[in-house]
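Those protein sequence lines, which keep their order, are chains E and B. To convert, note that position 173 of the first sequence is 173 in our numbering; the numbers rise steadily by one, no gaps. To convert, note that position 568 of the second sequence is 568 in our numbering; the numbers rise steadily by one, no gaps.
Wrong hints could be hidden among the right ones.
Said to hold, decoys possible - Using 30 Å as the maximum straight-line C-alpha spacing, the simulated DSBU-like pairs for lysine-lysine come out as follows:
hint	chain 1	residue 1	chain 2	residue 2
1	E	K266	B	K120
2	B	K546	B	K359
3	B	K359	E	K130
No lab work stands behind these hints, which were simulated from the structure alone.
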Amino acid sequence: MPAASDPPTADSREATLWRLLRIAWSYRSDCLQLLGLQLVVVFLTVAVIALAGVGIDFVRHCTDRAIPAPPLPFFVPADATDKAVFVWLGAGILVAALLRAIISYVFGLVSVRFLHGRIVVNLRSQVFAKLQQLSFRFFDSNASGSIINRVTSDAHAIRLFIEGVVLQLAIITITLVACSVYMLRTDWRLTLACLSVLPFQIWFAIRFSRKVRPAYEENRELMDRMVLGFSENVQGIQVVKGFALEPRVMGRFAGWSEDIRLQKRKVFGEIALFWPVIDGLNRLSMAILIGYGGWMVARGEIALGTGLVAFAGLLQQFSAQVTTLASVVDNAQVSLAGAKRIFEILDTDPGVATEPGAASPGRFLGRVTFENVSFEYQENATVLHALSFVAEPGQRIAIAGATGAGKSALLSLIPRFYDPRSGRVTLDGHDIRALPLPELRRQVGMVFQENFLFSNTIAANIAFGHPDATQERIERAARIAGAHAFIMALPEGYETFLGEGGVNLSGGQRQRIAIARALLLEPTVLLLDDPTSAIDPETEKEIMEAMEAAMVGRTTFIVAHRLSTLRRADQILVLEHGKLVQVGTHAQLMAQDGHYRRAILVQSEGVVA
Amino acid sequence: MSKSSLEIAVRRIRPDEEEPDRLPLRWSTVARLFAFTSPHRLQRNTLLGLCIFRAMALPGLAWLVGVIINGPVTTGDGAATLRALALFTAFFIVADVALYWRIRLAHQIGENVLRDLRDKLMAHLLTQPLSFFHARRHGSLISRMISDIEAMRNGIQNNFFISFVSFGQMACAAALMLLANPQLFLVLLAIVPCLLLVHGFFRGKILHASRVQQETFSRVTSALAETVQGIRVTQGFAREDTNAGIFTRLVRSLADNVVKTASLTSLYLPLLELNAQGFMAALIGVGGWAALSGTGTSLGDLVTFFFLADLFFSPITIIGTQLSEATLAMAGAERYFRLLDTPPAWTDKPTAGECPALKGHVEFRNIHFAYIPDRPVLHGISFVAQPGQVVALVGHTGSGKSTIIGLLAKFQLPLAGQVLVDGHDLADIRQETLRRQMGFVFQQNFLFAGTIAENVKSPRPDATDEEIRQAFRDLDCLDLIEDLPAGIHTPCSEKGRGLSMGQQQLVAFARALLANPRILVLDEATSAVDTLTEARLQVALARLMKGRTCFVVAHRLSTIRRADCVIVLDEGRIVERGTHEELLALQGAYAGLHRDFLSSTT
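So that you can see chain B by itself, here it is in the shape it has in the complex (with noise of 0.2 Å):
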């Protein structure tokens, strides 16, 4: 088995990175991405009228050293060269300075449309209900936003008008051949299919290969990613000459397809220029013979083609590069806009208006629910909550107890019935002025990158500090958070590290309470910390709930003999329902529960 997982560890690729990270040109998606140009319409118009102007001054100014050393230079006129040279160098400076603008407004147009990409981006997020983000990984969401905009930048920024001006370019040094001398010009003409021949059989190749590198490449980093994680456990397990082996094996793996690419590119780029010796050498060979032989060929024209020559194919490696660049300007632009284009599953009605000030009445009318079609998780669930109750929702994992909440919250819309707050429907009040109103303390309280105080005051930012030490304060806890080295201005550090886990659940508490909200939800943590903490978390947890209607799924008896009413859940039904007593004498579903409890507790 060991040699055969190893082979699996190794080929294995990540599913995500499946998606094409090169996709060809497609018209709508570049119109549509050009389209975000169109806010900063009098920027990108200068700019193509910039590129215009470059396309034909290159050319031009090729042309006119051809004109200088065929005309003055060749007649010894000294006054006219110098005369001839001003106009060059006035022309070269105006070319000059066109290119700076160039570069300049692409560059600010690049990043505009990079910061509107974001923020629509954002905003997009932002409205989508809860389920989305659930059913996503974090890790994606974070590629959209950054590399695949980032990709974009690319295209729009220099892909695009590059393109153009090489394109522009290469028609304007043809165009100047042409009228230079038609027939050195079907000498030209005859390289363009080898040309043609030259890309056309390496595009397909080098883009195949560079995809394969980059697969490669990711399989090297996630492996390590893996290891960096799993630290702990490779050297616990001894297992660090196994894994050299297998990630040795993948760097070279990842070599020898970089190996691939290089031997591919390092034939076609010698090939592309080859073409342009070779153009050289059917000047020299034909235009030579051709002046001798008196067909209207000049030395003149054999040095105006020297100059142009080289402003013809020169843009040809560059239009190439542009060009594999964009199928990756491309491809992050499909999946960005698949993402924009995801529509929010559900939004508030457009008559739903403001939640007015709420005493905290609660009732659920009937409430059906299923996350996928056909499997439904509530099947009529009805219940009342009278203002300052506390309700405990208590069932197996699966018994829908965190759905109720994501209902009576408005993360979910229910398929049938009603919830009910003093009296409204939710379906009629818009989803943030309900929360403003509502308090959440989760199993997984998030805290955000910056100090206590300003998680704490997340939810009303105005708040003092002497409000936020009251809060604590209320919380009878003041004291633990002031035990810290910066009391209240610790920071919490990412993801809360820094912080025990007991005192995360403060932080949680005093949030919520900050917040001072009418009905409160708590999502019981399920693993105790330790028991010294435990009872000062149960202290300020009470103090929290006081006066407020709670809905607490409980994982500790303690809160549910606390209860005013305990609903008891099995498979979305409500079997049971009563106060702690009530339903131990029912001997029912809940006595079974109580038994399970306490045999793992003690």
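Excised from the complex, chain E in its bound form (with noise of 0.2 Å):
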């Protein structure tokens, strides 16, 4: 997967574009649907105009005979009087204009369910599932800020790009022609004039959306910069505090504060030149329009109100729809770089899923073997090198080792968290990749080093793997994990609400509900990750108890430094630079001099002397 900051290359951008297009002609006739009723709109807020001209030209009619009444339109009887004309052309005007109003309505509320309630949703679904599809790998490389980005922000790109480039350009479009048609059939040499101003605005808008947008892009930067500097400090103030460090802080917080009003400094011309030039240039047909319509209107080539006054109306009308141009090129560049980040998660080959033709062999015992295994997380950092072992149904293995020796990754093997890069690992005689992957999973019980709970009550979070397990399975499984009594003491038991706003537990508990959750699935294989290093010594007693229960009868894989856990496993893996140098049972190892003998002595020595 390519990474998030590659600079989008012509191709890409094509290929995304062409993409869009294809997504936008799939909601054709929805699109259809509303431009259609733009249309209705557009053509009542001319009609209104019109309406408005021919009252003018009829005053001018009534009060100089001189000058021909203007065509009524069809709406006013042909014996109406003079007054009764007025009445009429005002009714007429206030029934467009309460149609014009309903039709708006409609066009909103359609459009709305439409581009949120639906291309929104299956966008966000669609990206929300997949994403928990994807193997590790992917969370390992993207920052979880970037992750939530993608499926808040991005999903809408497509609606962006559908409503805000394809649609809106259909509307720009329908209103110049509408009004060209309009303006066309009273003259076309004074159409032509008024327009002469609109090919500088379209290329305006256009240049000043290309200028100003790398501008906010570096500003975002910075901005990123300040907050990523601002947040370190403030969850490293008590380093801060303790080197009194307090005004070199400041003084580099106050420099990036600097840098992003500096960097605003320069795009403010060509922001604050945006709307002067776009309304000079209105204004400036404005004038041609009184000018040159002002000399036709006196040589009686046009008439004052259909003519000049409702061109005036209706160059109004124009003007706000060119300006949103602007925004147009705009949401394009928004919407296609969006779009490429959303089609790069769609894309993803998930990496780990259930292969073709996968069975379930029903009830497992739990003997895992690994045969020859190598892993790497990245290219040619290879983390295992040629792993081969045996575990019976039942065993206890500890894997020991220095940090980065590979005994994580070794574990996060077994569920299929990855995959390896060769050599294969084995449930029971079968390969692992030939299980349906939730059966395999649920096969496999997880305790981490940090276990995340999620907002919920504890019942719910123990019931995590199984969320319809009856209560009465909820709490055997939170008796053997030592969690009942604690959970009991709490006011609302297992209802009570984890998390922020909730509960707040301490490191032990937090451990025990996530063994507990563990064993709710009844794994037949427990790994247990170091679950008691981010624990303080007492309370690393409690967990072991718990631990003890939860490991009987299952085939357990430890990761452990303690002695006491090390002299009670059946197999002890020592593994060196991702290398398996010993096996064997403690007492078996402390035979030999080896690494795992001078790491105990080191330890004793250390530690207990």
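With the hints in hand, could you dock these two chains into one complex?
What follows is the structure, encoded as structure tokens:
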């Protein structure tokens, strides 16, 4: 998967654009429906202006009979008196305006249902479902903030493209055409004269958004730097204060803050130029209209109301649409960038997936073998080298080794969080890649170093892997994990809400809930990835008891440093730089002059003496 | 249970978000925010002048169009038309230049004020004692600094000045219409109550709907954040389908709320426009009638009103948007000021002076302390540490070990009693001058983004690379650091990811060593890194501690054995003190702790 920071090449931009257009095309009937409504709205807008023009002309006719009466619209009765004509015209405008309001309302409703109710919902759900299937490699290489952004903001990309680019362009065109048709029917020379500024406005709007957007991107980077710096200093406040770094921290922060201001200053000229230029060009076309049109009115070539005044009204409508061009260009850029990131996720190969033809063999015993397994997180940085060993059902396997030796990597291969580069892992003789993934993972219970509990009730957290579990089953798991007593001591027991706004548990209590969560599924294989490392020694004793109970009758893999755990293991796998250097029981390994014995001696010297 | 707990996950609102994100305008807050523009007075006053000019120029231009059409155009005077157009052109160019500066100055002021707001908050935060940061979620401070200040930007840069221009424009347009034809103006007045009615009916509803929408959105985000953070658990327990179901429901309910808000606005905006067009209908109906009835209404008045009406009606939607945005800015400003107004729980006495060069003698004299009133944590702690001695603090969690360290570093002030260094009361010493002579190694050693070298030299920014290497050499672990890809210039990356626990510890040791403190404070990490690294760390630590007065919150027997004095704490009291051997011989509290240690590590 390409890194998110890759600059988009022209090629990939074009591919993204085509893909977006194809998606937009698949929604063509919805789009056409919206455009149909918009066409009526534009028509009614023109009608209101035209009717007002007729009114002005008719006043002029009544005060000066030398001026011919304007052709009256169809709904004014032929025998209406002069005064009645005005009432009819007023009523006509009112009806047109009412209709316009109703149809605008319908347009608003239909468009939001379509754009937000369907497109955004579909895309978000799709992206979310895909995200959950992606292998850990994806989560390792992307910051969680950027992943969250993809589902929240980038999921709007396709909506933005359809709404802000496709539909908006169509609406601009419809408005231009409708206004032009009215104007051309009146006089083509005046129309051309008035519209002569239009190309300049279009050019300027496009140029503006091309120039300003990169500056905004640059500004976002500066903002990010400031946010990162600020958040670091808050998190590390103890270090800041401990080393009396306040003046330096303040100085650096003020520097970032000032950089943002200075960078913005550079674009102010551009930003401030946009509206005056667009507005000036609008007024220029008004001046042309009055000069040239006024001359035509004087010569009797066009009428004052339906000609000059209506033109002026239409030009206002026009310019309102033209200014949105800048945002269309902007939307196009934003939606292309967003869509690219979204497509990237949707196209990412999940990495680990159930293979076709995978079948469940039924009940498992828990015999795990590694056959010549090599593994790497990133290419050319091998983490495990040709590992082979057998764990018999119910055995307790301790994994020892220095940080970075590959202990966690070994564990993560068993539930297929990653697949090995070569070799195979088997469960009861089946290559785990031939087992349905959910089935496999339900067979493997996991307790991590730091266990993530969700903002939900304790019961829901324990039943995480099996949301329909009965209360009885939840309590049984909690009892084995030694969590039942403290849960019952909480005011709301199992219904106590955890996390932000809920009860905050101690490290030991969280670990025990995590153990209960793993036990609820009655796994045949249990993985304990150094679950006591984030806990102080007193709490550790409580956890050890819970773990002992949990291990009974399951094939258990445990990453451990403590002598007490190592002594009780049926097998100890000693890893060094990803290689299996020693295998055996504590007694056997202590009898060999090797890495294990040295490490144990150092430990007893340094800690226990 | 399953159904109901899923419901909870869907309905639950994060408590932090329960604070309203919109607030009605409160003038004291507006005034306070406005006061931030005072340092940029000249720009601001120029801007206000430009706003007044724009408010008059826009109706003026429209009126001029009417005058030209009614005058030279109707009479067919070509030369006069051209002259008038030249005037019109000159006028609109001036108006657009004014617009340019109006926008430019508004942005500049906004950006200046934002920088001031940020710096002021940062400076304020840095004066707060440590307890302030422990009492708050890190995310909430970031929201103040980023989102709330960003919300205020709109208030300063747009809401105020644009509303100002819009109101002025409406008033001037109304005045010109009144001047042109009072009768037709009455028609306009008749429309105004309809406008107010529409506005009043929808405003509250739209605000409420968009707030509900915002809440749903933050639920979507937090559900998402949890999923991403807990992805290992989700995949490990094969829960993807259930989660996807919950998420789709959340996204749907968000969409429903978006539709609800949109259906209100898509009724509101057309109704406002309907008012403008209703006015047009009345203008033609009533105006035309009146013109024929000879009541003084002329054709020219109709034309003038045609152009001015738009200037009266179009600001209404603009003002509506600005006001609703202003409520966002208001909520941001209120939260921001509340934080800015939180005084530090305590500060150094104004008479406090520099800390003299220390030898390292430390004395606690009958210290009492409580974080919460009536819940004392320390009761009458007294002890003396001679320069160069190692004092180990031992006891259960909550016995007061960390509190003693906090008092020694003047992170907290004692309720009663004195802490003395070289005989000087800490109360009379400024915090930062004291800490410059102290060194700290914490349990979780926070490393800043940057290289190892940058982190090590943070207490002494002028240190050379050679001095940094020397520090590692003094710790006897330069080889471990030079083994890294870029040696001392290896990046630590965010939260020190990339370096192992042991390497992070070494960096923290070197950082403390470079500060060359007289008093060293050490909170030992609870969990062992792997045993071989551990041995190297022990050596480095011994080097670091040499020749300094050291206070250690001890978790390791090896450290305790090395201590000149072990202080055993229980519930805020010193229950035993002496050397390791002396205390073992007592067969008391320490001997009990020792047994626990042994059983958990062997």
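Evaluated hints:
| no. | hint | in the structure |
| --- | --- | --- |
| 1 | E/K266 with B/K120 | holds (24 Å) |
| 2 | B/K546 with B/K359 | holds (14 Å) |
| 3 | B/K359 with E/K130 | violated (63 Å) |
Hint check: a violation occurs at hint 3 only; the rest are consistent with the structure.
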